[in-house]
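Participant: So the protein lines, in turn, are chains S and W. Position one of the first sequence corresponds to residue 1 (the numbering used here), numbered consecutively onward. Position one of the second sequence corresponds to residue 1 (the numbering used here), numbered consecutively onward.
Keep in mind the hints are simulated off the structure, nothing from the lab. Note that the structure is predicted; figures quoted are calculated from it, not measured. Check before you lean on any hint, since a few could be wrong.
Pairs count within a copy or across copies, as identical chains cannot be separated in the list.
Under the rule of at most 20 Å between Cα atoms (straight-line distance), these lysine to any residue pairs were calculated in the SDA-like manner [unchecked claim]:
| hint | residue 1 | residue 2 |
| --- | --- | --- |
| 1 | LYS455 | ARG140 |
| 2 | LYS213 | VAL500 |
| 3 | LYS443 | THR105 |
| 4 | LYS443 | THR172 |
| 5 | LYS443 | ASP462 |
| 6 | LYS448 | SER313 |
| 7 | LYS29 | THR136 |
2 protein chains.
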Amino acid sequence: MAESARRGRGGGGAARRAARSAVSFETAKYIERNIPNYEVLTEEALQIIEYNADTVLEEIGVNFPDNPEALALWRASGADVTGDRVRIPRGLARELCKTAPSQFTQHARNPARNVEIGGRNLVLAPVYGPPFVRDTAGGRRYATMEDFNKFVKLGYMSKWLHHSGGTVCEPTDVPVNKRHLDMLHAHMTLSDKPFMGSVTEPSRAQDSVDMCKILFGADFVDQNTVMTSLVNINSPMTFDDVMMGALKVFAENNQASIISPFIVGGAMAPVSVAGTLTQVLAEVMAGIAYSQLIRKGAPVIFGAFVTSIDMNSGAPTFGTPEAAHITYGAGQLARRMNLPFRSSGSFCGSKLPDAQAAYETANSLNMGLLSGVNFMLHACGWLEGGLVASFEKFVMDADQLGALHHLARGVEIDENAQALDAIREVGPGGHYLGCAHTQANFKEAFWKSDLLDYKPFETWSDEGARDTQSLAAARVEKLLGDYVQPPMDPETRAALDAFVAERKAAEPDSFM
Amino acid sequence: MAESARRGRGGGGAARRAARSAVSFETAKYIERNIPNYEVLTEEALQIIEYNADTVLEEIGVNFPDNPEALALWRASGADVTGDRVRIPRGLARELCKTAPSQFTQHARNPARNVEIGGRNLVLAPVYGPPFVRDTAGGRRYATMEDFNKFVKLGYMSKWLHHSGGTVCEPTDVPVNKRHLDMLHAHMTLSDKPFMGSVTEPSRAQDSVDMCKILFGADFVDQNTVMTSLVNINSPMTFDDVMMGALKVFAENNQASIISPFIVGGAMAPVSVAGTLTQVLAEVMAGIAYSQLIRKGAPVIFGAFVTSIDMNSGAPTFGTPEAAHITYGAGQLARRMNLPFRSSGSFCGSKLPDAQAAYETANSLNMGLLSGVNFMLHACGWLEGGLVASFEKFVMDADQLGALHHLARGVEIDENAQALDAIREVGPGGHYLGCAHTQANFKEAFWKSDLLDYKPFETWSDEGARDTQSLAAARVEKLLGDYVQPPMDPETRAALDAFVAERKAAEPDSFM
């Protein structure tokens, strides 16, 4: 189905009225980097790691437990399969990965929100997975569907966020076997940005595809990528059959998957950076090769969720130098495979959206931009090692994402940027506040926070001496108050509602 | 005087007793980078900026007001001098800068604390200049000498800080014309790390040199650099006679100066990055050329204090993308001149050591490391746009400086780092916590914060649910409680005391 047809579908008076009354929220285009990537590994180090990753695949191998179908595909491809263990001859995995696209478009129901994943682009998506939420008013508590909806609305309202994400928090008040339906319904109806599908059961991945067929039209989904979903590897070197089942559904339907080792260094990988990168590369190559065995050309992303560990408490630690080294290195490895790269995020271990959270997050966000990340999941809202989605931190981080956009622009060097006439006009001892060049350029010259406080001390003091968390709480309330649902044609909405109701009625609730 | 003689001087029983009873505080060696610098400017952009900077010097020129001696030096060097205006023929300033050393040693009274400034090294020094201090207990207030002493002690106790700095806060309770004596006395006696001299009057620069001659011995000071001081340029393109007078004293005595434009972009320089860099380069070249006219080979640093402005409030803003672009570019320009580079710091505009402060600071610290900064003033403790020195933020930032050390180490690729045996030992589905490689390497593998909270939620909650500022307040108290003064031989101490007393008695107090 062509886009014009899709957009034209339904289109009754109600939809037109909705469109007319909708507030227009500005969303920045995904980032197109005009700055170099930062590379810490030498050519020699890269070659050693690549050689060793092939040694791992050939000699040690990877496990595909409870998955005879996968094992058969591997055997047919030339791998050595013994029990659940798949040993992949040197070079085979990399060769199989070559059919994966280096870049792909993920479509949104609003075509203005489509994103290009890969190349020099960076797409920012919110936090994924926390069972808890936190805000100043309510403290830390289990997340509910109401919280989930609020996060989707905040994501929709966030200028610097390109993607609505997936499980922005776990709606624990909805049965486990049904919450994916409500989550997808929320992303589809409360936002018009691109989103992620469910991976917790192959049947839920199929529900995701089916709901997308309602939203986008079946033909369109067959021919285009409309979801990017998160397929974690059970590191070290184990490919869980549930996740692989979801990957299979998505790959067969030409939908994108992030193939992502989930590594706390020292626990799921060696304590060394080079050792961790070796394992990451081996795991990603095996996972992406498998995706291409399912369907050549299926869109995938080279994922790396890697952090360090506090050896005293066993807790994962975030925004650390070791995580930065690994992320920079993984970016290099991904680019050498011509694959889109996913890593980084608003990572922190802090329990509160305080200075610790911000140090760790800023370290991680900067490193993510410079490492060449193409898809940044968890780009805002992550707290307490991912156990908590924080409302305040969501808008705090989302504001910082604006700085990444401006950093990525790079430095202009045309005549206007050179500003020689301004220097001539002002001269020694003058000031530039009123000069012609400043007047012509100041509006676009500097990134401007929508949240942080730049007021004089006295003004700030008179207004209550508020800290960042307090300013953020006010911004959360403002954004939710200003929220206006993006229009959707009533037939599509009714069809989505009916699908969810039908699927919910089809099986009993389960909270397991 | 040779170092052995210096160390041997005095050396009575009291000094030996002091040495024996001194608590040993670990100070990390200055950072020797094993990672690449990050470069945003293309070769073409660099050449354009360099060409334009020479155009600025030749066509517009710079002002050296109230300074006939400087004007005479410039005239003799071949510059065109009209009134206070010095126009420097294309290429001359760069040529004059060539006699400045690319790297120099700044000696500390404890030779183990000597620092190498330039090359691939990074030396970290604390905040400089705030008239106010802030802590949780006392709020925001004018700084006193007692506060100053506390900051010097904290700097001495901070593992990741290599330098004691200069005006860590303005001791406003000491007369303006005498406070430099107390400040230098504090750096010399409460710490054994390297420090900065006074620049607020040429006579105070001379006092700084004279006190160093007492501390290090006159011959040693003649032949070695024992101070690095901050000489700001009054941007745009004005070289204040007081600062130039201090520079003259230091250069004549072979002491180092940071020649630093002080720029809030949009006010003291054009709103564009390329325009600002052009002005920075022109100013620094003029200042460093002048230092070499005073004394060929005098050690200097290419400085760049540059930030952006909030065009609504006129307030300077920190940790912004534009500041990052300028700093990355200035690092490139400094390296092309083979000069040590000073920039970056724990910059923030926030009124509190909260998340805003930490985002802005982390942005700035990371950018500083990657831009190739050699001397980072303000590396910890900066708050509220530099108006406030924060006790809590001092230890918060100082802790983050540890992360910079580990980042700068780069990635090892030897056999132990490759960790193939660990991957073999653990295999698919295992874990690395107990494996031989982890046991052998975990202690050194990951940077560990001395401040941040990594505890489980329940433990953290039971301990009072403290935020970073609260943890930092406790750490400030602990460090000051543990502080033990480094030993000094009593004769030197008596001579320093006598010098300060004599100079204070020589003129009436002035608070202007």
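Participant: Evaluate each hint against the coordinates.
Facilitator: Against the structure, the hints:
1. When the C-alpha separation of LYS455 and ARG140 is checked against a cutoff of 20 Å, the pair qualifies only between copies, where the shortest distance is 16 Å, while the shortest distance within a copy is 31 Å.
2. With identical chains, the CA atoms of LYS213 and VAL500 are at most 20 Å apart within one copy only, with a shortest distance of 13 Å there and 83 Å across copies.
3. Taking the shortest alpha-carbon separations for LYS443 and THR105, neither the intra-copy value of 32 Å nor the inter-copy value of 44 Å comes in at or below 20 Å.
4. When the C-alpha separation of LYS443 and THR172 is checked against a cutoff of 20 Å, the pair qualifies neither within a copy, at 45 Å, nor between copies, at 39 Å.
5. Neither within a single protomer nor between protomers do LYS443 and ASP462 lie at most 20 Å apart by alpha-carbon distance, with minima of 28 Å and 49 Å respectively.
6. With identical chains, the CA atoms of LYS448 and SER313 are at most 20 Å apart between copies only, with a shortest distance of 12 Å across copies and 39 Å within one.
7. Taking CA atoms no more than 20 Å apart as the test, LYS29 paired with THR136 passes in neither setting, with 31 Å inside one copy and 42 Å between copies.
When each numbered hint is compared with the structure, violations occur for hints 3, 4, 5 and 7.
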